[in-house]
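Engineer: As a plain string of letters, each chain reads:
There are 2 protein chains.
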Amino acid sequence: MKKIEGNLNNRIEIEEIKNYIGRTIKIHGSIHKIREMSSFAFIILRTKRQMVQCIYSEEFSKFLLSQIKEEACVEFLAEVVNEERSKTGWELRLIDVEILSEPNEKSTIVFNNKEIEASLETLLDYRAITLRNERERAIFKLQEGICKGFREFLLKHKFTEIHSPKIVFSGAEGGANIFSLEYFGKEAYLTQSPQFYKQMMVGVFERVFEISPVFRAEKHDTSRHLNEYTSVDFEMGFIESFEDIMNMETLMLRYTFDLLKNEYINELNLLNVNLPDIGFIPSITFTDAKVLISKEYNRAITDEFDFEPEEEKLLSEIIYKKYNRELVFVTHYPSKKRPFYAMDDINNKNFTLSFDLIFRGMEITTGGQRIHELNQQIEKMVSREINTELFESYLMIHKYGMPPHGGLGLGLERLTSKLLNQNNIRLSTLFPRDISRITP
Amino acid sequence: MKKIEGNLNNRIEIEEIKNYIGRTIKIHGSIHKIREMSSFAFIILRTKRQMVQCIYSEEFSKFLLSQIKEEACVEFLAEVVNEERSKTGWELRLIDVEILSEPNEKSTIVFNNKEIEASLETLLDYRAITLRNERERAIFKLQEGICKGFREFLLKHKFTEIHSPKIVFSGAEGGANIFSLEYFGKEAYLTQSPQFYKQMMVGVFERVFEISPVFRAEKHDTSRHLNEYTSVDFEMGFIESFEDIMNMETLMLRYTFDLLKNEYINELNLLNVNLPDIGFIPSITFTDAKVLISKEYNRAITDEFDFEPEEEKLLSEIIYKKYNRELVFVTHYPSKKRPFYAMDDINNKNFTLSFDLIFRGMEITTGGQRIHELNQQIEKMVSREINTELFESYLMIHKYGMPPHGGLGLGLERLTSKLLNQNNIRLSTLFPRDISRITP
Numbered sequence: 002m003k004k005i006e007g008n009l010n011n012r013i014e015i016e017e018i019k020n021y022i023g024r025t026i027k028i029h030g031s032i033h034k035i036r037e038m039s040s041f042a043f044i045i046l047r048t049k050r051q052m053v054q055c056i057y058s059e060e061f062s063k064f065l066l067s068q069i070k071e072e073a074c075v076e077f078l079a080e081v082v083n084e085e086r087s088k089t090g091w092e093l094r095l096i097d098v099e100i101l102s103e104p105n106e107k108s109t110i111v112f113n114n115k116e117i118e119a120s121l122e123t124l125l126d127y128r129a130i131t132l133r134n135e136r137e138r139a140i141f142k143l144q145e146g147i148c149k150g151f152r153e154f155l156l157k158h159k160f161t162e163i164h165s166p167k168i169v170f171s172g173a174e175g176g177a178n179i180f181s182l183e184y185f186g187k188e189a190y191l192t193q194s195p196q197f198y199k200q201m202m203v204g205v206f207e208r209v210f211e212i213s214p215v216f217r218a219e220k221h222d223t224s225r226h227l228n229e230y231t232s233v234d235f236e237m238g239f240i241e242s243f244e245d246i247m248n249m250e251t252l253m254l255r256y257t258f259d260l261l262k263n264e265y266i267n268e269l270n271l272l273n274v275n276l277p278d279i280g281f282i283p284s285i286t287f288t289d290a291k292v293l294i295s296k297e298y299n300r301a302i303t304d305e306f307d308f309e310p311e312e313e314k315l316l317s318e319i320i321y322k323k324y325n326r327e328l329v330f331v332t333h334y335p336s337k338k339r340p341f342y343a344m345d346d347i348n349n350k351n352f353t354l355s356f357d358l359i360f361r362g363m364e365i366t367t368g369g370q371r372i373h374e375l376n377q378q379i380e381k382m383v384s385r386e387i388n389t390e391l392f393e394s395y396l397m398i399h400k401y402g403m404p405p406h407g408g409l410g411l412g413l414e415r416l417t418s419k420l421l422n423q424n425n426i427r428l429s430t431l432f433p434r435d436i437s438r439i440t441p
Numbered sequence: 002m003k004k005i006e007g008n009l010n011n012r013i014e015i016e017e018i019k020n021y022i023g024r025t026i027k028i029h030g031s032i033h034k035i036r037e038m039s040s041f042a043f044i045i046l047r048t049k050r051q052m053v054q055c056i057y058s059e060e061f062s063k064f065l066l067s068q069i070k071e072e073a074c075v076e077f078l079a080e081v082v083n084e085e086r087s088k089t090g091w092e093l094r095l096i097d098v099e100i101l102s103e104p105n106e107k108s109t110i111v112f113n114n115k116e117i118e119a120s121l122e123t124l125l126d127y128r129a130i131t132l133r134n135e136r137e138r139a140i141f142k143l144q145e146g147i148c149k150g151f152r153e154f155l156l157k158h159k160f161t162e163i164h165s166p167k168i169v170f171s172g173a174e175g176g177a178n179i180f181s182l183e184y185f186g187k188e189a190y191l192t193q194s195p196q197f198y199k200q201m202m203v204g205v206f207e208r209v210f211e212i213s214p215v216f217r218a219e220k221h222d223t224s225r226h227l228n229e230y231t232s233v234d235f236e237m238g239f240i241e242s243f244e245d246i247m248n249m250e251t252l253m254l255r256y257t258f259d260l261l262k263n264e265y266i267n268e269l270n271l272l273n274v275n276l277p278d279i280g281f282i283p284s285i286t287f288t289d290a291k292v293l294i295s296k297e298y299n300r301a302i303t304d305e306f307d308f309e310p311e312e313e314k315l316l317s318e319i320i321y322k323k324y325n326r327e328l329v330f331v332t333h334y335p336s337k338k339r340p341f342y343a344m345d346d347i348n349n350k351n352f353t354l355s356f357d358l359i360f361r362g363m364e365i366t367t368g369g370q371r372i373h374e375l376n377q378q379i380e381k382m383v384s385r386e387i388n389t390e391l392f393e394s395y396l397m398i399h400k401y402g403m404p405p406h407g408g409l410g411l412g413l414e415r416l417t418s419k420l421l422n423q424n425n426i427r428l429s430t431l432f433p434r435d436i437s438r439i440t441p
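Protein sequences, first through last, are from chains B and S. For any residue, its number in the numbering used here is found by taking its place in the first sequence, counting from 1, and adding 1. For any residue, its number in the numbering used here is found by taking its place in the second sequence, counting from 1, and adding 1.
What the hints contain is simulated information worked out from the structure, not anything from laboratory work. Any given hint could be a false lead.
It does not matter which identical chain is meant; a pair holds if it fits inside one copy or across any two.
Said to hold, decoys possible - Below, computed lysine to any residue pairings styled on SDA-like, alpha-carbon distance capped at 25 angstroms:
id: 1; residue 1: LYS157; residue 2: GLU264
id: 2; residue 1: LYS159; residue 2: PHE258
id: 3; residue 1: LYS142; residue 2: ILE266
id: 4; residue 1: LYS3; residue 2: PRO335
id: 5; residue 1: LYS220; residue 2: GLU188
id: 6; residue 1: LYS3; residue 2: LYS323
id: 7; residue 1: LYS3; residue 2: LEU276
id: 8; residue 1: LYS159; residue 2: GLU14
id: 9; residue 1: LYS149; residue 2: LEU260
id: 10; residue 1: LYS159; residue 2: LYS262
id: 11; residue 1: LYS27; residue 2: ASP245
id: 12; residue 1: LYS4; residue 2: ASP289
id: 13; residue 1: LYS262; residue 2: HIS158
id: 14; residue 1: LYS19; residue 2: LYS262
id: 15; residue 1: LYS3; residue 2: GLU309
id: 16; residue 1: LYS107; residue 2: ALA73
id: 17; residue 1: LYS3; residue 2: ASN325
id: 18; residue 1: LYS337; residue 2: ARG225
id: 19; residue 1: LYS157; residue 2: PHE258
id: 20; residue 1: LYS314; residue 2: ARG339
id: 21; residue 1: LYS159; residue 2: ASN248
id: 22; residue 1: LYS157; residue 2: THR89
id: 23; residue 1: LYS4; residue 2: ARG326
id: 24; residue 1: LYS149; residue 2: ALA139
id: 25; residue 1: LYS157; residue 2: LEU260
id: 26; residue 1: LYS157; residue 2: ARG12
id: 27; residue 1: LYS220; residue 2: TYR184
id: 28; residue 1: LYS323; residue 2: MET2
id: 29; residue 1: LYS262; residue 2: LEU9
Working from the sequences, and respecting the hints, build out all of it.
Structural biologist: The following block contains the structure:
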């Protein structure tokens, strides 16, 4: 019988190297790039989060340069030397190498330059190796930071994290855009949103959140749609107005962007990210926005119930010009275009107490207040010819008591993609799923 | 145009009440229980995480007791009064009430006693309201704490959080236990594990983790199986031995249990949880464990390649008797029973460098070292008649270079359930999915 005591190998992390100047250390990683110069070579070591430049020279290196190749996994014995010209203040002189594993062949796709020169298709087909590129991987490190920020903020504000099921018996939004599967002889669906579950849990914990995959069987093949994405959902009870939710989101984004500045500065710099100012976020009603866009650009209003993607872009342009702001809330969307659980505006039943958040021309959040009274909910469902019997366990919360409440869903990949000013959401999706892509 | 500045309503949280003794405050929540005494009444208010006892009396309350009912959502005006006999050191004397919403009817299932007296079926059928019970909801608050502990630990140890797709083109484990769905005219599957993706990402970030749903179409209808569960997965590169993974898990559990003691003490007390001691975790090989169980209980070994559930229980009993430990690692499982990516033991090819972690008689973790060399991987796949062409993007990592690596998957609901000494995993699953349950 052995005892596992929780002992880790004491390996030096990059951040600690500065404490070892003048000493010999062991450091491990993948050989990202070998750059041979006239009398020496730069060896770029890929470590967990940083690329580390090492110097090979016959003067001090006890191995042959030909012994190592790119993408080999190695442990180097190296001397840490003071070097004022280096950004870090030190450089690593390689003394010896232990080769831990070697690639079988060299990839024809070059991923160890600053950027990968390849089509989007190739970038995604070879994701397992193209993500080894310094910039490509930084995108997903930054995405980790966004989730870290959201979670920290929500836990501080006493939201409880939940795990709701992804296989469901009926869709949240209804409609055709839903994947179905056979579940032990019954028909089941993949969830489009944790909507019903987070509402149920408001009755339990008052405030809840979940960051989890959702599935949309939409046949859109655009640069802004995915068929599976990561949804950041929160829902809160005892609100006085749907603006409470918008205020909470504003605070959450502010907290998260501050966290990125503090903990992910290398990635922000590497990707040239300009974080938007969110001292405040302007808010405009749907109707006012429609008129504003129409006036400013002399466009006819063709769809009075929804935005065209082009209009979201134009609205962002106007807001940026007038208020120097890159985010804008649009409120009071038409009831017709919002789901059955959306609460209508008491002042005008054709509109809902709802909002979208538009960031740099694209909707990244949809939210609003939900109906909490049973009769009001049933009435709205009946008027839409929804079979209330199918929603028995959902309507239980209305029947047995629910506080005024609301919440939102935010698309993690959309937010990431817009932060990076990308032209395609797939670039901020680790392994995208779209109408024609299901691999890798 | 409005400006949303991120202002929240300044509401008093329970933890702050002690600073308001002698003052009048507003406090909101759901009326969990009304207990009428001879000349006054106790009103138990359900807030985000605590039940708060309030006193109603005609002496100081300006409203009628008949005005409020259980499960109404209210805001009370109350005086905070010093009360040494109370656990908190204060009590709340209700002055006035604002009723924010009211239930339509009273539930026939009583959920505001200490425990709910109902069958498991009823408990789950009425999940939306049975979770309002103090103990029921504490289970999931504790589960939040487990996730918080894991994430904090893994981020501190430089694991990168990833989001891998749940709709996949082939299963991780293969076999029949996989849900399939139609994906735009193609056949696709629901992931059984993020295995391939986390391995791919080891080549990118060295250490990665994901906490996400996985799906198993197993027809088992037992107290320990779910068809959808939350899997805690991590994978790490540059390991020297598969024991590095076991050490990391030991540390992760130690960190998490310490966090629960610090931040979730109320839930631990409420649920009478005894956290296991993990100063060390004993480790025994599969073969030795089989022999040990056989000897100690005078049982014949009927299946030499796997444990029967009963054997896991007996092993736990032995380990507890001999070492006073409630967790035990079992290592070197037979190759035959492990997936194709498991690395065989160089000393005996019939066994793998793998482990399970057994906690109070149930396997909660499976892990091990993976094959990182291309030829070794292909050879093992061919010997199992696996079509390597289907795994092209997976094998890319072996071809283009991978460090020695390994990882594990831990079932969140199993761990929670065993911590609470429950007899059914469904009790620690928010909305369980099993062979006969897909609602609510």
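Engineer: State for each hint whether it applies.
Structural biologist: A quick look at each hint next to the structure:
no. : hint              : verdict
1   : LYS157 <-> GLU264 : both (18 angstroms within a copy, 12 angstroms between copies)
2   : LYS159 <-> PHE258 : both (20 angstroms within a copy, 20 angstroms between copies)
3   : LYS142 <-> ILE266 : within (11 angstroms within a copy, 33 angstroms between copies)
4   : LYS3 <-> PRO335   : between (66 angstroms within a copy, 19 angstroms between copies)
5   : LYS220 <-> GLU188 : both (21 angstroms within a copy, 16 angstroms between copies)
6   : LYS3 <-> LYS323   : between (69 angstroms within a copy, 13 angstroms between copies)
7   : LYS3 <-> LEU276   : between (51 angstroms within a copy, 22 angstroms between copies)
8   : LYS159 <-> GLU14  : between (34 angstroms within a copy, 10 angstroms between copies)
9   : LYS149 <-> LEU260 : both (8 angstroms within a copy, 18 angstroms between copies)
10  : LYS159 <-> LYS262 : both (24 angstroms within a copy, 18 angstroms between copies)
11  : LYS27 <-> ASP245  : between (53 angstroms within a copy, 18 angstroms between copies)
12  : LYS4 <-> ASP289   : between (69 angstroms within a copy, 15 angstroms between copies)
13  : LYS262 <-> HIS158 : both (21 angstroms within a copy, 21 angstroms between copies)
14  : LYS19 <-> LYS262  : within (23 angstroms within a copy, 36 angstroms between copies)
15  : LYS3 <-> GLU309   : between (65 angstroms within a copy, 23 angstroms between copies)
16  : LYS107 <-> ALA73  : within (10 angstroms within a copy, 67 angstroms between copies)
17  : LYS3 <-> ASN325   : between (64 angstroms within a copy, 14 angstroms between copies)
18  : LYS337 <-> ARG225 : within (23 angstroms within a copy, 45 angstroms between copies)
19  : LYS157 <-> PHE258 : both (16 angstroms within a copy, 20 angstroms between copies)
20  : LYS314 <-> ARG339 : within (21 angstroms within a copy, 52 angstroms between copies)
21  : LYS159 <-> ASN248 : within (16 angstroms within a copy, 33 angstroms between copies)
22  : LYS157 <-> THR89  : between (35 angstroms within a copy, 22 angstroms between copies)
23  : LYS4 <-> ARG326   : between (58 angstroms within a copy, 11 angstroms between copies)
24  : LYS149 <-> ALA139 : both (15 angstroms within a copy, 24 angstroms between copies)
25  : LYS157 <-> LEU260 : both (14 angstroms within a copy, 15 angstroms between copies)
26  : LYS157 <-> ARG12  : between (33 angstroms within a copy, 14 angstroms between copies)
27  : LYS220 <-> TYR184 : both (24 angstroms within a copy, 11 angstroms between copies)
28  : LYS323 <-> MET2   : between (72 angstroms within a copy, 11 angstroms between copies)
29  : LYS262 <-> LEU9   : between (31 angstroms within a copy, 24 angstroms between copies)
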